[in-house]
Amino acid sequence: MSHLPDAPRSFQEIILRLQTYWAGKGCAILQPYDMEVGAGTFHPATTLRSLGTKPWAAAYVQPSRRPTDGRYGENPNRLQHYYQYQVLIKPSPPDLQELYLGSLEAIGVDMALHDIRFVEDDWESPTLGAWGLGWEVWCDGMEVSQFTYFQQVGGHDCHPVSGELTYGLERLAMYILGVDHVMDMPFNDPQTDIALSYGDIFKQTEEEYARWNFDNANTEVLLRQFEEAEAHCRTLLDQPAEDPKTGKRIVMAHPAYDQCIKASHIFNLLDARGVISVTERQAYIGRVRALAKLCADAFVQTSAGGWRPEDAA
Amino acid sequence: MPDLLIELFSEEIPARMQRRAAEDLRKLVTDGLVEAGLTYASAAGFATPRRLTLTVEGLLAESPATVEERKGPRADAPEKAIAGFLRSTGLSADDLETRETPKGPVLFARIEKAGRPAAEIISDVLGGTIRNFPWPTSMRWGSGTLRWVRPLQSILCILTDEAGHTVVPLEVEGIAAGDRTAGHRFMAPASFAVSGFDDYAAKLKRAFVVLDADERAEAIWHDATNMAFANGLEVVEDKGLLAEVAGLVEWPVVLMGRIGEDFLDLPPEVLQTSMKEHQKFFSVRNPKTGRIERFITVANRETADNGVTILAGNEKVLSARLADAKFFWENDLRVAKAGMQPWLEQLKNVTFHAKLGTQADLVGRVATLSRKIAILVKADPHLAEEAAIHAKADLSSEMVYEFPELQGLMGRYYLEAADRAPEVAAAAEEHYAPLGPSDDVPTAPVSIAVALAEKMDKLTGFWAIDEKPTGSKDPYALRRAALGIIRTILENDLSVSFIEMAFLSYAILLGRATGYRAAADAAEMLNAAKVIGDKQLIERMEAINRSLPEDYIEQSEEASLQFTKKKVEALGSFLHDRLKVYLRDQGIRHDIIDACIAMEGNDDLTLLVKRARALSETLQTDDGENLIQAFKRANNILAQAQEADGVEYSFGADPKFAETEEERALFAALDRAEAEIAPAMKAEDFATAMTAMASLRAPVDAFFTAVQVNAENATVRRNRLNLLNRITTLCGSVADLTRIDG
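Taken in sequence, the protein lines are chains A and B.
No gaps in the numbering here: position 28 of the first sequence is 28 in this note's numbering, and each next residue is one more.
No gaps in the numbering here: position 405 of the second sequence is 405 in this note's numbering, and each next residue is one more.
Among the hints, a few may not be true.
Once the Cα atoms are required to be at most 20 angstroms apart in a straight line, the calculated SDA-like pairs of lysine to any residue come out as [what the hints assert, rightly or not]: (1) B:K316 with A:D271; (2) B:K316 with A:D184; (3) B:K348 with B:K280; (4) B:K326 with A:N77; (5) B:K355 with B:K280; (6) B:K355 with A:E280; (7) B:K280 with A:V144; (8) B:K280 with A:R281; (9) B:K316 with A:E280; (10) B:K276 with A:D184; (11) B:K348 with A:R281; (12) A:K54 with B:K348; (13) B:K276 with A:V144; (14) B:K348 with A:E280; (15) B:K355 with A:V144; (16) B:K316 with A:G178; (17) B:K348 with A:D271.
Bear in mind the hints are in silico, worked out from the structure with no lab data behind them.
Please read all numbers here as calculations on a predicted model, not as lab measurements.
Bound conformation, chain B alone (with noise of 0.2 angstroms):
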C-alpha cells in the first residue's frame, strides 16, 4: 500500500493561520480521497512558515471496482421507455438481462465501474484543495489568478511504495508537482528530491528545518526556560506567545537579552506587553523580587558568532521600545501626581455614544449611580464616587494610548501615585471585571459599587436608546456585561435588587441626558431628579413644572412612569434570561428558574439563585419528583372542580370532617408542615422548607390512594377540595411548581 507526501510550498504564511491549515489540508484531501473510495491508514498534518505539509500512510493504490445493478422497464415496455434506460446506464440491449418478477419480466442491468488509479484521484482532489482553500484571507500575485495566502511556489506531491517513489501528475496555475522541496532559507537554500515521507523529514532536518510546530515550541520552551534557570530566573509563560514565535521560525534559537538599567523600574506589566506586542519577545522575571530583568527572543538561525549580533541589535531595538514607554510613565505619572485634571477634561472630548454622550456624561453617571449603589452593598459611598470619577482617567494618559489592553492597570498604577485611597485605586482596574466567564469577579466593596454601577449603566443607557442585542449581534458586548452583573452579584452573595439599581440608573440617565429624547419631558425629569436626590436639578424642574399647565403635568407624569417602568421591565426579563443561561450551564433546569422567577422578590438574584438551586436538589430526591406529581393532580383536581362548580376552594378545610385515617393524617402532615415552612421561608433557609414540603409524598399519596375527593356527600367533598388547596398553597409558597416540566 502506498503512502502519499504532499508539501505546498510557499512565502511566509501568517503564523496565527498555520495550524488551522495543516489541519484544514489534512481534513480536505483525506475526506476527498475517502469520498472517491481511497481509504488511509493514518494522516498527519505539518506547518512550518514556508510550508504545508501532508503525509498519509496506507493508501489503497487504487480505488475499488465497483458493481451497481439497477432495476429498468419492463422487458415489453415501449421501445422509447428501454432506449431511455440504455442511454442512462450507458448499456446496449446485449448486456441488459431479463428476469421473471411477480410483475412479469424486467429488465436488470448491471453497471461495471473499474477503480481508478490513486495518483490520479490525488491529483483530482489535491488541485480541487489547492484552488478552494479556506484561508482567512488571501491573495493574488504576478499575472496569476490562483489564490493563496502569500505567493505558492512549488508543490511537491509523492506517491511512495517498495518499488520507489513516484510522483502524482498535477498542475495548479503553471506549477507542475514535482519531487523538490527546499531547506532553511539562509541556512540551507539549495533544493533537494525526497523519496517518502521519513526521508523528507530527516532531510529538512539536516537542512535546518523542524517540521513539526509542537516539537519547535517544545525546544523553545525547552531552551528558555534552561537558560533562565542557569541565571537564577524565570520565563514568565505565555502559550499564546509560544505558538506565535514557533510560526514565525523553522530553525528555533533561543538567545537571552538584558533589559538596560534605566528600564528595570518601568511596571512590570508596561515591560511584558510592549516587549510581546512589539518585540514578541518573552519577559524572564526574578522570582525573588518578581521584577522583570531580562528577555527571550527567538531567531530563526545560527550564525559564526552565536547570536552575538542578532541579540545585539535586538537589545537596541527593546531599548528604543522601552524609551517610548519610559516616557510615556513619566509624562503620565506628571499628570497623576498633579491629580489628574487634563485627563479628567479631555474625556469630554471622548465620544461614548452619539446618543449617550461623551466618556465625561458617562464618567459623570457611573459616579452618581456608585454612589446609590454603594449604599446598597455596603461600600463607602464616597469612595465609590471617587472611584468611579477617577476609574477612566487613565484612557486620556499616553501609556493607554499606546497600549489600550493595559486600561484599568495603569489607572490603578496613576491613582497610587496619587495618593489617593487604596480602594479607589484598585477600583480603576477592578471596575472592569469580570471581563469573560472565566475572570474573576470584584471582591471589594467598593470596586462592586463601580463595577456594578459601570454595567448598570450600560445597560439601561443601551436600552433606553434602544440598542438592544439581536440573535449573534452584540456590538456593545451587553450580554457580557449583563453575566458580569450576575456574577458578582451571586458570587458576593451580594443581597440588592437589580430593579432598584436599574431604576437608579435609568433616573440617572434621565436627569443627567440632555436631549437624548428631543422632549425629555419636564415632569419625567423631576421624577428622575427626585430620585437622585439633587436639589438643584429638583429645584430647576419643579420651576419649569410650575410654568406648565396642571393638566399637561399629570399626564406626562403618569406617561412617563409608565415608560420608565416599561424599559425597567424589559430590562428585567433580559436579565432573567441572562440567569437562565448561566444557570443552564451549572445544570439547573430552565423549568426549575421559570417556577422561581414567577415567585415575589425575583428581582434579588442571591434569592432566586438560592431557591433555584434548594428546588433543584429537591427534585432529584426521590420525595421531591414524587410530590411533584401530587401536587399537579391536586392541582388539576382542584382547577376543575373550581371551573365545574364556579366558586373558589379556598379555604376552611376542617379535619373533623375528615372520614379516613389517611385524611386525618394529611391534615397533620400540612399542620407540621405549615409550622416548618413558614419560618424556614421568612429566614430564606429554602433547604429546610423544600424537605418540609418533600415530606408531605407519603400522606399525600396515601390520601389519593385511599380517598375519593369527588365525594357524593357535598361537605365531605368541599372539604376535601378545601384540603387539596392546602396543599397547593403551601407549596406554591415556595416556588410556582405549576412551572415544572413533567
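Next up, chain A with everything else stripped away, as it sits in the complex (with noise of 0.2 angstroms):
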C-alpha cells in the first residue's frame, strides 16, 4: 500500500485533496454552478454532459439546497445548504472503483484499518427522468457516496455509459476529521490565527434560511415564478436552430436548462413551504421531468451533444 498523506485537519484540506487527486486522474476541475440546485448532477457538467458520445471528465463542488432539510443549524447532520462533490466521466474507466477509493485514501482514509463496502443502490431522479445502478459506498457502516453508472437521463439512454460519483462532504469530512457536530467542524486550518468553524460560517445563514424556507417564502411568487420559469423554457426550445441574427446555429439548451433547474428549485421551496398536496407533488415533478427531457433532447441537437453538421439532413 502506497504511503498515506498525513490527516488533513479542515473541512477545506478535504475539499482540496479531492480537487488535486482528480486533477490528477484527468478531470477538468470545473466550478460550482452559479444557480440553486438540489444536488451536484443537477449542474449541466453532469445532466447534460452525459448525453450524446463524446468523452466527458470534470470534477467540481456544488453548494446544493435542500430547504425540507433545514433545522435552524441545530441537527448535528442536517443542513437545507450542504456540500457534494461530484466526479463524472463518461465513458466509465474499467478501473473507476480502484480510482474512488484511491480518492478515498487521498483524503486520509486508511485502507488497512477502514471497512469499505459497496452496498447496492439503484439510483433514480424522477425530476431529471434518469436513473442508473451502483452502490452506496459504506466505510465502517457510513454511507459516505454514490457511485452510479447512468443508464438513462432526460429520457435518452446513455451511450457510452457516464460513471458518476457524489461525495457528501459533510458528513464524509465530519468522520475523517472526528466530529460530531456539523457546526463544530474547522472550515479552515484551525491551527490558523483566524480560525474558522463551519458554524462561524453557515449557522447565521442555516437559521435565516430555514426561517424563510418552512414560513416566509412567499408562495404566491413561487408559484408565479414556477409557471414562468416553465413557460420560458418552453418558449426558448421552441425558437428555430437558426439564429436569424448571426445566421448560426445555436440551439439554446443551457438557457432552457436554467429555466428547468429553477423550476425544479422553486418546486422544492414550494414543498417546504407544505403548499403541495400528495396528489399534486407528483404532478409537479413530472411537469419538471417534462422540461428535462425537453432540454436533453435540444442538448443532443448542439454541437457538445454530438451533432454534426451532416446529421442535419
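Using the hints, put the two standalone chains together into the complex.
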C-alpha cells in the first residue's frame, strides 16, 4: 500500500485534496454552477454532458439546497445548504472503483483499518427522468458516497455510459475529522490565526434560510415563478435552431436548462412550505421531468451533445 | 474425464441476487452442455459479492459421434427428388444405399456427425449464457453493449484433466477467458492462476475469500452466537438478514458493539428495525430483561487493530441513527399523551382511495362498523369503536413515517402511553392481522371486531366502486382481506353472518360517502341511515325524501334495495370462492363445499365449515360413500317418474302398502334416522346427523336389491316413489347431495 498522506485538518483541506486527486486523474476541475440546485447531479456538467457520444471528465464542488432538510443549524447532521463533490467520467473507465478508493486514501481514509463496502443502491431521479445502477459506498457502516453508472438521462439511453461519483462532503469530512456536530467542524486550518468553524460561516445562514424556507417564502410569488420558468423554458426550445441575427445554428439548450433547474428549485421551496398536496406533488415532478426531457432532446442537437453538421440532413 | 471451472468476476453483485444467479449459472450452463451431448457427473454453483462460480465434474471430453439413418425417395424417383434428398443430407449419390423394400427399391442415407471437443461446446454455451443471463436488472458500462448486473471484469474458464489444465478459448465483448482470478479486494488484491476447482477454492481461502455463501453464513452465525453467549446475551435470530449479510462480505469478521445508554429505553422493535434496516446489524438481547443491549455487525476484513476502528465508526453511525429514532419517539409520546388529536386531524389529508375518501373517512366508517360488529362477536361496542377511532392514528406519527413496517405496533405503544384501555391499545396492533396465510388471527374480542370491520369495509368499498381482483391482479390485496375475514371467523369459532356484516358495511359506506355515486339518492341514504341508526342522518334524509315526488321515492327505494342486494350477493360469492380455496388447501373437496354452500345459513361460515367437515368425514367411510350412490339412484328414479307422470311424489308413503321385508325395514330405518337427524341438525351437531344418514346405507341398498320401484300395481308404485322421496328429503336436509361428484 502506498504511503498515506497525513490526516487532513479541515473541511477545506479535504476539498482541496479531492480537487488535486481528480485533477491528477485527468478530470477538468470545474467550479460550482451559479444557480440554486438540489444536488450536484443538476449541474449541466453532469446532466447534459452525460448525454451524447463525446468523452467527458469533470470534477467539481456543488453547493446544494434542500429546503425541507433545514433544522435552524441545530441538528448535528442536517442542513438545508450543504456541499457535494461530484465526479463524472464518460465513458466510465474500467478501473473507476479503484480510482474512487484512491480518492478516499487521498483524503486520509486508511484502507487497512476501515471497512469499505459497496452496497446495492439503484439511483433514480424522477425530476430528471434519469436512472442508473450502482452502490452506496459504506465506510464502517456509514454511507460516504453514491456510485452510479448512468443508464438513462432526460429519457435518453446513455451511450456511452457515464460513471458518476457523489460525495456528501460534510458527512464524510465529519467522519474523517472526528467531529460530532457539523457546526463544530474546522472549516480552515484550526491552527491558523483566524480559525473558522463551519458554524462560524453557516450557523446564522442556516437559521435565516430555515425561517425563510418554512414560514416566509412567498408562495404566491413562487407559484408564479414556477409557471414563468416552465413557460420560458418551453419558449426557448421552441425557437428555430438557426439564429436569425447571426445566421448560425445556436440551439439554446443551456439557457432552457437553467429555467428547468429554476423550476425544480422553486418546486422544492414550495414543498418545504407545505403548500403542495400529495397528489399535486406527482404532477409537479412530472412537469419538471417534462422540461428536463425537452432540454436533453435539445442538447443532443448541439455540437457538445454530439450533433454534427451532416446530421442536419 | 475433465472437470470444468468457470468464474465470472465482476464489481459488487447485489446481495439479494447472488444465490439465484449462482443457481441460474449452474442450470443454464449444464443444460446447454447436456443438450449438446456433454454429460457430466456433478455440478455446483457458488456466489460471493464479486464472483459467480460454477464447477462441473466428470464431463465428457467430447460429445459422442452420432449416426443418423434417413429414408429417402425410391431409387427410380425423378432426378429432382433425389437431388433434393442429397442436398438435405449433404451427401453425394455414391454415399446412398439402395435397399429393397415391399414398396420397391428405396434410397437410404447414413449421416455421420463427428463429436465436438468439450472446449468448443463450452465456449458456445458459456458465451450464450453470459450474453443472455437472466439478471433481475442489468446495466451497460463504458462504451460496450454487453449487459451484466454490474461491470463484468474477467472470465475464468478452464478444463482440467490428468495432463493439467487448459483455458477454454472464449471472448465476450473484449473480455478473453483465462485461468486467473483475484482475492479479497483489500486483503489480497493480487491476481493468481488456478489449475482446477480444489486449487481455486484453496487459493481463494488463502486470499481471504470464502467461496460458499452457506459457509459464510454459518461462520457468521457461529461467531455471533458465541460472542453473545460469552457476554451472557443472545442474538435475535433473523435468517433473511443473515443471508443478506453473507452476501455483502467475502471474508466475514464478526464484531459486537455497544448501544449508547441513552437509547436502551427505546422499544426493542424500534432498536431492532433501525439497526437492521439502516445498518444491517443483528440485535443482541439480554435474555433476563428482554432488552436489546448490543449489536453485531459483520465487517469484510481483518485489521491490525482487531476491528477497533471499524467498530468505533459503526457505533458512531448507530448513535446518529438512534438519536433520530429517539427524537421521533419523544416527539410522538408528547402527541400521544396529549390525546393524539393532531394525528387524527392529519388523517383527513391522506387519501385512502380517490373514490373512497381519506384515511379519516375510512376510520369513521370502520369505527361505526366496529361498534355494530362488536355486538355480533360479543365484544364491548364502545371499546371497539374507541379502538377503531385510534387504530390508524400512528400512521401520522414520525416514527411510522420513518419506519412504515412499525405501523400498528407503534400505535399500541402510543395508546398505552396515552392510558387508553389495554383492549384499545392491543387492537391498534392486532386489527391488521392476519397479514399472511401463516400469521396468527386476532383472538381478543375488541381486536376481532376492529379487524373484521376494517377488512369488511375494504371489501365493500372496493366492490362498490367496481375495483375487484381479476386474474393475477389484486392491487388492493382484497383476496388477502377476504381470507383474513374467513380465518378470523373460523379460528375463533364465531357465529356471525357475513352477509349481515356486509350489509352493515355497505349501508355505512353509503351513509357516509358524499359523492361516491353522483346521484346517491335520498331513499338509499335513508335506508342506510336506518341501518346505522344515526338519528340526525335519518331526519336529514327524511326531510329530503319529503321534498321529492311520491312515486320517485317508491321507485328509487326499490331500485336501491335491489342494487345493494346485488352488490352484497356478489361479495358473498367472492367470499365463498375464497373459502373454497382455503378449504381445498385443507383437503376438503370443492364439491363437498358446494353441497354445503347450497344449504340455508351459508353466510355463517363457522356453521358452513362444520357441515363441510362432517360431510367430508362421512364420505370417507364405506357407508357414506355407498349411501351417496343409493341417494343418487333414488333421486334419479324419482326425477324420471315425476317427469313422466307430471306429478310430485312428495309425501304420504305408508308402511301398510309395503310388500316386502326390505321395504318395511327401510320405513323403520327412516323413522329412526329422522328421529336422530332432526334434533341433531337443530343442535348443529352435523357429525351425529351425518352418521345417522350413513346408517341408511344398508337398508336402502337392501331395498333396491329386493324391490322393483316401478311396480305394476299403481298404488304400490306410488307408495314406493313417495318412500324414495323420504330418502332424498331426509338426506337433503343434511347437505345438497346432488352436488357431490361421482
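Right, here's what the structure says about each hint:
The suggested pairing of K316 of chain B with D271 of chain A is violated, with an alpha-carbon distance near 31 angstroms, which exceeds 20 angstroms. This hinted pair checks out: K316 of chain B and D184 of chain A have alpha carbons roughly 16 angstroms apart, not beyond 20 angstroms. Pair hint K348 of chain B plus K280 of chain B does not hold up; C-alpha atoms about 35 angstroms apart against a cutoff of 20 angstroms. Simply put, K326 of chain B and N77 of chain A have alpha-carbon atoms about 15 angstroms apart, close enough for the 20 angstroms limit, and the pair holds.
Of the supplied pair hints, the one linking K355 of chain B and K280 of chain B is violated, its CA atoms being roughly 40 angstroms apart against a limit of 20 angstroms. For the given pair, K355 of chain B sits about 17 angstroms from E280 of chain A by alpha-carbon distance, which is consistent with the 20 angstroms threshold. The hinted pair formed by K280 of chain B and V144 of chain A meets the criterion: a straight-line CA distance of about 16 angstroms does not exceed 20 angstroms. Under the criterion of a C-alpha separation no larger than 20 angstroms, the hint pairing K280 of chain B with R281 of chain A is inconsistent with the structure, at around 32 angstroms.
A threshold of 20 angstroms between alpha carbons decides the hint, and for K316 of chain B with E280 of chain A the separation of about 39 angstroms lies outside it, so the pair is violated. For the hint pairing K276 of chain B with D184 of chain A, the CA-to-CA distance comes to about 30 angstroms; that exceeds 20 angstroms, so the pair is violated. About 17 angstroms separates the Cα atoms of K348 of chain B and R281 of chain A, which keeps this hinted pair within 20 angstroms; it holds. With a CA separation close to 52 angstroms, the supplied pair K54 of chain A and K348 of chain B exceeds the 20 angstroms bound.
A C-alpha spacing of about 19 angstroms is found between K276 of chain B and V144 of chain A, which places the hinted pair at or below 20 angstroms, so the restraint holds. Between K348 of chain B and E280 of chain A the CA atoms are separated by roughly 16 angstroms; this keeps the pair inside 20 angstroms, and the hint holds. About 44 angstroms separates the Cα atoms of K355 of chain B and V144 of chain A, which puts this hinted pair outside 20 angstroms; it is violated. A distance of roughly 10 angstroms separates the Cα atoms of K316 of chain B and G178 of chain A; the hinted pair therefore holds under the 20 angstroms criterion.
Note on K348 of chain B and D271 of chain A: the hinted pairing holds, with a Cα-Cα distance of about 19 angstroms set against a maximum of 20 angstroms.
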